[in-house]
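Could you build all of it, start to finish, from the sequences and the hints given here?
Given next are the chains, with one letter for each unit.
There are 2 protein chains.
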Amino acid sequence: MFLYSKNFDEQKAKAMKGLRKALEEGKVDEDIISLLEKINSLENYFTTSSCSGRISVMEMPHFGDKLNSVWLGKWHREVAFEEVMEAVRRHRSGQLWFLVRSPILHVGARTMEDAVKLLNLAIGLGFKYSNIKSVSHKKLLVEIRSTERMDVPLGEDGELWVSEEYIERIVDIANEQVRRFKGKLKRLEEEIEKLRN
Amino acid sequence: MFLYSKNFDEQKAKAMKGLRKALEEGKVDEDIISLLEKINSLENYFTTSSCSGRISVMEMPHFGDKLNSVWLGKWHREVAFEEVMEAVRRHRSGQLWFLVRSPILHVGARTMEDAVKLLNLAIGLGFKYSNIKSVSHKKLLVEIRSTERMDVPLGEDGELWVSEEYIERIVDIANEQVRRFKGKLKRLEEEIEKLRN
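Note that the protein sequences, when read in sequence, are chains B and Z.
Position one of the first sequence corresponds to residue 1 (the UniProt record's numbering), numbered consecutively onward.
Position one of the second sequence corresponds to residue 1 (the UniProt record's numbering), numbered consecutively onward.
Where hints are given, some of them may not hold.
[As the list claims (entries may be wrong)] Where chain B lies over chain Z, by a calculated footprint (3+ residues, C-beta under 8 Å): (1) 42-56; (2) 141-152; (3) 166-178.
[What the hints assert, rightly or not] When the alpha-carbon atoms are kept at most 35 Å apart in a straight line, the in silico DSBU-like pairs for lysine-lysine are as follows: (4) Z:Lys6 with Z:Lys128; (5) Z:Lys27 with Z:Lys12; (6) Z:Lys12 with Z:Lys117; (7) B:Lys74 with B:Lys194; (8) B:Lys182 with Z:Lys139; (9) B:Lys194 with Z:Lys194; (10) Z:Lys38 with B:Lys139; (11) Z:Lys139 with B:Lys186; (12) Z:Lys139 with B:Lys139; (13) B:Lys138 with Z:Lys138; (14) Z:Lys12 with B:Lys6; (15) Z:Lys117 with B:Lys38; (16) B:Lys12 with Z:Lys21; (17) B:Lys138 with Z:Lys38; (18) Z:Lys38 with B:Lys128; (19) B:Lys182 with Z:Lys138; (20) Z:Lys128 with B:Lys117; (21) Z:Lys194 with B:Lys138; (22) Z:Lys38 with B:Lys27; (23) Z:Lys27 with B:Lys139; (24) Z:Lys128 with B:Lys139; (25) B:Lys27 with Z:Lys128; (26) Z:Lys38 with Z:Lys139.
Treat the hints as calculated values from the structure; they're not laboratory data.
The beta-carbon is built from N, C-alpha and C at its ideal position, and this holds for glycine as well.
The following block contains the structure:
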């Protein structure tokens with residue numbers, strides 16, 4: 001059991017249709033489009049969802065309550081201190097967080113052997129949190145994910161708990177993390193060709 | 001390929017020997033010992049490494065440089081503000097971070113079917129970052145992991161960037177996260193029996 005995805009080609013065709021629609025609507029992070037295209041040009045893989053990594057300022061009623069959270073600012077690139085401050089000034093209620101998230105790519109694989117090949121390539125290129133996300137008779141899904149992350153509480157209910165100088169410092173650290181994970185994405189794009197049959 | 005672990009029983013015997021030694025040396029987090037014992041009493045699983053989750057204060061030359069990082073304080077439980085401050089006051093050089101990490105359990109499974117059963121049970125109980133960590137002809141490894149996490153920069157090279165009031169607030173948030181993941185561990189211990197043959 002679970003040796004290969006059933007209806008892989010059908011699944012891939014459906015995912016590619018979804019991707020074309022998302023591209024037309026400008027919903028795909030621009031700087032990973034070429035990586036996604038390279039993965040999708042491989043016979044035994046296709047991308048389902050992906051995020052190129054981001055810095056954000058988020059307001060949420062409680063930690064982890066994504067349903068009711070609001071992004072006050074979100075950037076898939078290095079960010080300027082003043083941009084972050086503009087987002088922070090829009091805060092009114094709930095918990096205010098400064099977040100960094102590493103890139104995440106979900107990739108369907110034809111067989112378990114294909115899944116493991118991709119997993120090992122990604123881990124070797126520094127995507128150390130990569131894993132096999134789900135295994136079912138329907139789908140084999142590899143998650144490519146890196147370690148960069150920040151979760152910094154900034155304030156609550158309109159009150160700021162930290163100084164502007166502090167925010168300036170964490171923005172520097174966040175930008176360093178962005179540079180690091182962008183470098184990993186670039187290397188992945190260079191190396192992914194190795195998985196061509 | 002990859003349908004089952006080769007030499008599962010041999011691997012399990014070796015892991016159990018290692019666990020007994022770690023237990024004798026007091027190296028296993030006390031509050032997950034009974035959970036580990038329950039998992040290991042199942043025919044098709046064994047635990048390899050595990051952490052019950054923790055709050056810590058860490059000094060590191062650069063973010064992610066674990067090799068040269070030093071724990072100034074580490075607690076596998078809720079923590080008092082004053083304990084955290086004692087650790088913070090020991091800071092001298094490098095970047096100072098306040099961290100929360102969710103529990104992580106690594107569990108060897110006999111077959112891919114066993115691995116997927118455990119994966120789905122864990123995800124259903126709130127361990128949403130659970131995954132299949134590695135798949136090889138040698139071993140099938142499930143990682144059970146939850147979402148709670150904090151990564152907060154506190155200062156650098158002996159200088160503190162935040163106020164004591166701020167540290168008090170993030171300690172509250174961290175303790176809330178600890179209560180949440182301890183609850184998930186408890187539910188896992190109650191439900192794990194379902195995987196008995």
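Each hint, compared with the structure:
Residues of the region 42-56 of chain Z with a Cβ under 8 Å from some Cβ of chain B number 0, which does not satisfy the need for three, so the listed coverage is violated. Judged by the Cβ-Cβ criterion of 8 Å, the region 141-152 of chain Z is covered by chain B as claimed, because 7 of its residues qualify and three suffice. Check result for the region 166-178 of chain Z against chain B: holds, 6 residues qualifying (beta carbon to beta carbon below 8 Å, three or more required). At most 35 Å may separate the alpha-carbon atoms for a hinted pair to count; Lys6 of chain Z and Lys128 of chain Z meet this at roughly 28 Å.
For the suggested pair Lys27 of chain Z and Lys12 of chain Z, the alpha carbons sit about 19 Å apart, so the restraint of at most 35 Å is met. Of the supplied pair hints, the one linking Lys12 of chain Z and Lys117 of chain Z holds, its CA atoms being roughly 18 Å apart against a limit of 35 Å. Annotation: proposed proximity of Lys74 of chain B to Lys194 of chain B holds, straight-line Cα distance about 33 Å (limit 35 Å). With a CA separation close to 32 Å, the supplied pair Lys182 of chain B and Lys139 of chain Z stays within the 35 Å bound.
The straight-line distance between the Cα atoms of Lys194 of chain B and Lys194 of chain Z is roughly 42 Å, outside the 35 Å bound, and the hint therefore fails. The hinted pair formed by Lys38 of chain Z and Lys139 of chain B meets the criterion: a straight-line CA distance of about 31 Å does not exceed 35 Å. In summary, the hint linking Lys139 of chain Z to Lys186 of chain B is supported, as the alpha carbons are separated by about 31 Å, within the 35 Å threshold. As the CA atoms of Lys139 of chain Z and Lys139 of chain B are separated by approximately 21 Å, the hinted pair is consistent with the 35 Å bound.
Among the hinted pairs, Lys138 of chain B with Lys138 of chain Z is consistent with the structure: their alpha-carbon atoms are about 25 Å apart, no more than 35 Å. In summary, the hint linking Lys12 of chain Z to Lys6 of chain B is supported, as the alpha carbons are separated by about 32 Å, within the 35 Å threshold. Only pairs whose Cα atoms come within 35 Å are accepted, and Lys117 of chain Z paired with Lys38 of chain B is accepted, the gap being roughly 33 Å. For the proposed pair Lys12 of chain B and Lys21 of chain Z, the alpha carbon gap of about 49 Å is over 35 Å, so the pair is violated.
In summary, the hint linking Lys138 of chain B to Lys38 of chain Z is supported, as the alpha carbons are separated by about 31 Å, within the 35 Å threshold. For the given pair, Lys38 of chain Z sits about 29 Å from Lys128 of chain B by alpha-carbon distance, which is consistent with the 35 Å threshold. Our distance criterion of 35 Å between C-alpha atoms is met by Lys182 of chain B and Lys138 of chain Z, whose separation comes to about 33 Å. Distance hint between Lys128 of chain Z and Lys117 of chain B is fulfilled; the C-alpha atoms sit about 24 Å from each other, no more than 35 Å.
At roughly 24 Å between alpha-carbon atoms, Lys194 of chain Z and Lys138 of chain B fall within 35 Å of each other, so this suggested pair holds. Taking the CA atoms of Lys38 of chain Z and Lys27 of chain B, the gap is near 46 Å; set against the 35 Å cutoff, the hint is violated. Pair hint Lys27 of chain Z plus Lys139 of chain B does not hold up; C-alpha atoms about 39 Å apart against a cutoff of 35 Å. Between Lys128 of chain Z and Lys139 of chain B the CA atoms are separated by roughly 18 Å; this keeps the pair inside 35 Å, and the hint holds.
Proposed proximity of Lys27 of chain B and Lys128 of chain Z is supported: the alpha carbons are some 25 Å apart, at most 35 Å. Straight-line distance between C-alpha atoms of Lys38 of chain Z and Lys139 of chain Z comes to about 21 Å, which keeps the hinted pair within the 35 Å bound.
Hints 1, 9, 16, 22, 23, counting from the list given before, are not met by this structure.
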